[in-house]
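Chain order of the listed sequences is A and B.
Each residue of the first sequence is one higher than the one before, counting from 1 in UniProt numbering.
Each residue of the second sequence is one higher than the one before, counting from 1 in UniProt numbering.
No lab work stands behind these hints, which were simulated from the structure alone.
One thing to keep in mind: the hints can contain errors.
For chains that are exact copies, the list does not tell them apart, and a pair is met inside one copy or across any two.
[To be verified] Straight-line Cα separation of at most 20 Å, DMTMM-like style, residue types lysine to aspartate or glutamate; simulated pairs:
| id | residue 1 | residue 2 |
| --- | --- | --- |
| 1 | Lys116 | Asp380 |
| 2 | Lys116 | Asp166 |
| 3 | Lys330 | Asp166 |
| 4 | Lys330 | Glu392 |
| 5 | Lys330 | Glu64 |
| 6 | Lys116 | Asp191 |
| 7 | Lys330 | Asp222 |
| 8 | Lys116 | Asp452 |
| 9 | Lys330 | Glu474 |
| 10 | Lys330 | Asp83 |
| 11 | Lys116 | Asp101 |
| 12 | Lys116 | Asp11 |
| 13 | Lys116 | Glu435 |
| 14 | Lys330 | Asp107 |
| 15 | Lys116 | Asp140 |
Protein chains: 2
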Amino acid sequence: MPIPAEAFFIDRASTVPLQVQLRRQIIAGVLEGRFRPGERMPSARHMAGVLAVARVTVTQAYAELVAADYLTSRDRAGHFVSDRIEPLPPAPAPAAGGGFDWDAVLDTRLSRAERKDRVPDWRRYRYPFVYGQADPALVDHAAWRDCARRALGRREFVALTGDLYDSDDPELVDYILRHILPRRGIRAEADQVLLTLGAQNGLWLAAEVMLGGRTSLAAFEDPGYPGLRTILAQTGARLSAVAVDEAGLDPEAIPQGTSAVFTTASHHSPTGVAMSPARRARLLERAGAEGFAVIEDDYEFEMSFAGAPSPALKAMDAGGAVIHVGSFSKSVFPGLRLGYLVADRRVIHEARALRALTLRHPPGMLQRTLAHFLALGHYDTQMNRMRRVYAERRAEMARALVANGLVAGTPSARGGSSFWLATPGGIAADRLAAELRGRDVLIEPGAPFFTDPSRGAGFYRLAYSSIPAERIAEGIARIAAAARR
Amino acid sequence: MPIPAEAFFIDRASTVPLQVQLRRQIIAGVLEGRFRPGERMPSARHMAGVLAVARVTVTQAYAELVAADYLTSRDRAGHFVSDRIEPLPPAPAPAAGGGFDWDAVLDTRLSRAERKDRVPDWRRYRYPFVYGQADPALVDHAAWRDCARRALGRREFVALTGDLYDSDDPELVDYILRHILPRRGIRAEADQVLLTLGAQNGLWLAAEVMLGGRTSLAAFEDPGYPGLRTILAQTGARLSAVAVDEAGLDPEAIPQGTSAVFTTASHHSPTGVAMSPARRARLLERAGAEGFAVIEDDYEFEMSFAGAPSPALKAMDAGGAVIHVGSFSKSVFPGLRLGYLVADRRVIHEARALRALTLRHPPGMLQRTLAHFLALGHYDTQMNRMRRVYAERRAEMARALVANGLVAGTPSARGGSSFWLATPGGIAADRLAAELRGRDVLIEPGAPFFTDPSRGAGFYRLAYSSIPAERIAEGIARIAAAARR
Numbered sequence: 001m002p003i004p005a006e007a008f009f010i011d012r013a014s015t016v017p018l019q020v021q022l023r024r025q026i027i028a029g030v031l032e033g034r035f036r037p038g039e040r041m042p043s044a045r046h047m048a049g050v051l052a053v054a055r056v057t058v059t060q061a062y063a064e065l066v067a068a069d070y071l072t073s074r075d076r077a078g079h080f081v082s083d084r085i086e087p088l089p090p091a092p093a094p095a096a097g098g099g100f101d102w103d104a105v106l107d108t109r110l111s112r113a114e115r116k117d118r119v120p121d122w123r124r125y126r127y128p129f130v131y132g133q134a135d136p137a138l139v140d141h142a143a144w145r146d147c148a149r150r151a152l153g154r155r156e157f158v159a160l161t162g163d164l165y166d167s168d169d170p171e172l173v174d175y176i177l178r179h180i181l182p183r184r185g186i187r188a189e190a191d192q193v194l195l196t197l198g199a200q201n202g203l204w205l206a207a208e209v210m211l212g213g214r215t216s217l218a219a220f221e222d223p224g225y226p227g228l229r230t231i232l233a234q235t236g237a238r239l240s241a242v243a244v245d246e247a248g249l250d251p252e253a254i255p256q257g258t259s260a261v262f263t264t265a266s267h268h269s270p271t272g273v274a275m276s277p278a279r280r281a282r283l284l285e286r287a288g289a290e291g292f293a294v295i296e297d298d299y300e301f302e303m304s305f306a307g308a309p310s311p312a313l314k315a316m317d318a319g320g321a322v323i324h325v326g327s328f329s330k331s332v333f334p335g336l337r338l339g340y341l342v343a344d345r346r347v348i349h350e351a352r353a354l355r356a357l358t359l360r361h362p363p364g365m366l367q368r369t370l371a372h373f374l375a376l377g378h379y380d381t382q383m384n385r386m387r388r389v390y391a392e393r394r395a396e397m398a399r400a401l402v403a404n405g406l407v408a409g410t411p412s413a414r415g416g417s418s419f420w421l422a423t424p425g426g427i428a429a430d431r432l433a434a435e436l437r438g439r440d441v442l443i444e445p446g447a448p449f450f451t452d453p454s455r456g457a458g459f460y461r462l463a464y465s466s467i468p469a470e471r472i473a474e475g476i477a478r479i480a481a482a483a484r485r
Numbered sequence: 001m002p003i004p005a006e007a008f009f010i011d012r013a014s015t016v017p018l019q020v021q022l023r024r025q026i027i028a029g030v031l032e033g034r035f036r037p038g039e040r041m042p043s044a045r046h047m048a049g050v051l052a053v054a055r056v057t058v059t060q061a062y063a064e065l066v067a068a069d070y071l072t073s074r075d076r077a078g079h080f081v082s083d084r085i086e087p088l089p090p091a092p093a094p095a096a097g098g099g100f101d102w103d104a105v106l107d108t109r110l111s112r113a114e115r116k117d118r119v120p121d122w123r124r125y126r127y128p129f130v131y132g133q134a135d136p137a138l139v140d141h142a143a144w145r146d147c148a149r150r151a152l153g154r155r156e157f158v159a160l161t162g163d164l165y166d167s168d169d170p171e172l173v174d175y176i177l178r179h180i181l182p183r184r185g186i187r188a189e190a191d192q193v194l195l196t197l198g199a200q201n202g203l204w205l206a207a208e209v210m211l212g213g214r215t216s217l218a219a220f221e222d223p224g225y226p227g228l229r230t231i232l233a234q235t236g237a238r239l240s241a242v243a244v245d246e247a248g249l250d251p252e253a254i255p256q257g258t259s260a261v262f263t264t265a266s267h268h269s270p271t272g273v274a275m276s277p278a279r280r281a282r283l284l285e286r287a288g289a290e291g292f293a294v295i296e297d298d299y300e301f302e303m304s305f306a307g308a309p310s311p312a313l314k315a316m317d318a319g320g321a322v323i324h325v326g327s328f329s330k331s332v333f334p335g336l337r338l339g340y341l342v343a344d345r346r347v348i349h350e351a352r353a354l355r356a357l358t359l360r361h362p363p364g365m366l367q368r369t370l371a372h373f374l375a376l377g378h379y380d381t382q383m384n385r386m387r388r389v390y391a392e393r394r395a396e397m398a399r400a401l402v403a404n405g406l407v408a409g410t411p412s413a414r415g416g417s418s419f420w421l422a423t424p425g426g427i428a429a430d431r432l433a434a435e436l437r438g439r440d441v442l443i444e445p446g447a448p449f450f451t452d453p454s455r456g457a458g459f460y461r462l463a464y465s466s467i468p469a470e471r472i473a474e475g476i477a478r479i480a481a482a483a484r485r
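Just chain A, with the same shape it has in the complex (with noise of 0.2 Å):
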């Protein structure tokens, strides 16, 4: 990798001989490993364009470095950064050991409300039930590809390069209205669709466009998602825990008062359980009543693969209440970041001004890859697909788990990618996630789902979505192994 003239300042008011200056320069970028063996310096030529000195003072300066061992040089070739200088262990960088107080400064509250349970490195363990990671065996890599080359095609090029300022790809929302949508049971129009960099981003948009700023109280699930409690608290909204059953939310326990309802109806997260079709009508009767919103957050309606799908709370909607916030993060996969929101064209229009402050937009090009990706039909190949694998590694999970005496602990009728689970005798399951780290498994513990963690410490969650059927009953009878020990 050559390096660039670029990297080099020269000081015309100081009184160092601009040769020296230089000379330090290459020294200290060698020394510090900023400049590796073998990488080739500018040429003098060059050089000494850029910084507007001699030619002289660059080859003078090459030259010492040559004879100091700090540089090489190869005839007609150039110049290259020696490789028989040992560089110095790594020094603090200035920004670091500078003396501005940022303790006294910086709110904490959000690094300090950081999930620590998380395994970035998942992928060397033999036993992965980690929920939301995809398995690659899974996804259509080359169908991807295909659809990612048409859309740098030179056409497509010039209009997805460009600042959308704060619209979206109107092929992907097309397809979004025609073809996703109608799925859940949702017909919506262009200006009632917002894309978003994810279900999380989605979630946020929504949180922020309902709560921000104002004396709002926020109800939600408990247990519920993780992410979704930091991010509303941090909107300094009022918030309002409400048990879920197995019948999901109970609507009767909302408080008076409030403004926004946070639901994961169709698919509780943790536990899978659905809100029954009376308590949907009774959410949205009190919605309508009492002026609430309520955001729904449809992820992994794809893979409802047992029994017959259920419309989306958005599609009994006739009110205009809710906001649907869905993703593509778990049909296509995770690292994709696409996702979007459903509501009523005000509520986008707010959500699409708060994007374009935060953001502008979601990158073009993926936005066009994965309208390809839809409108090629690999999605419904995809998906099918997923599906099936998903039924046979549930049907094996419920073997394996009836096999070992370890039982779910609620009913997840419709599918999904993962079980959940009461842990035998009611153990605490951080210490049985820690012990089985060391026996190549990964279960995920049930704490961070509750507001009071201790109410979930005998709960985890397995999903299979990353697991090949062939090692699920293994995995599961070491998972029952280390409960007896």
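Starting from the known structure of chain A, fit chain B onto it as the hints suggest.
For chain B alone, kept in the frame of chain A given last:
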């Protein structure tokens, strides 16, 4: 595009026969234009399986609809939406017609602050002096496509399709540390860098970390980037506009008690002036003594082709008070949406938690594509081409401006991609812009850059990043002619 079986729902609690329910849904889809002429219906067997109804229910519904001309049947190929049905005029979707009183609950501050002066279809104008858009002729499309192909290889794809939680692509971070930041005189380590969704996202993250949820005082340049003012306004901080003259922002004009100062020190937006070395030193001195942060928006540094480059403010920042905001939008292409923050590791830690909360991480595949684009030298080649072409266009602009008697409002010595100009005789720039749109010319009126728009009424910006050199003379002549009228 085949219609998915999942687009249909059966209500088993209803007294309406299943076959009639299905027929009604198909008719509604056809009439509303969601199912389009020629689209294929799911096979009866598949549909029956998905809906868990008898196959004969589906075949009967299809037969009725063929008789009624909604569908056509082709032997062995299946059933298709008929092209003999006129779709209804689009009705308001139920989600929009609802009775929920959004006006009562929505805070519309953000959407009301939207800029109305943008021209999304700027490509259709022959003389588009628009700022911040890419000239496709200068972007190395083939090289970008090649890099995307590499990032889409199987091995990298597996690593990049996962949920990265809050981390970044280490290859891209390494390249930024070793080859981008040294050009700005900045030394940093990996935990002092955070990737962002472009400069807008970087500014927003920095503003939230410094000002969010506290009683703060933010100082910013006036005139200055309108997108920043909107960001600052929504933090709830008190705001102090600081005037900019030929030597940039005056540090003495920053009020006591300031929490954060936002500056485009190296290349002021929109005038293009650079902050003098003495003022830079004084700004950092006050920051250290009074404990305020300095957020440096280092946009467009790569376009500093006129004269030797000067290091960034961050390079002088021994105390660690500077948060440096960088972007690849100007140098790679604007729709890319990738940039970075460089700051004290405690700041980066908080900004990373906020980024994870709002969107998790920039898409992995884009990060890796950019890493290849940089590491293979395409970035340097493209930058050098842009610098050369911009220098030519700038010279052509300068000639045409002089020849037409249009004077620059302030000097902008270090290049960039635009001129900042005063209108002849102080005539209103927005009227001039409106007049010129009818003559195929786009210019950018100055008012949005000022806290008091009336102070900017006699200024405008002319960018040359999107207009070929050979059209500049005619474009400028048209501006002069319109100004004379």
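- request: Just pull the numbers of the violated hints for me, sorted ascending.
  value: 1, 5, 7, 9, 10, 11, 12, 14 and 15
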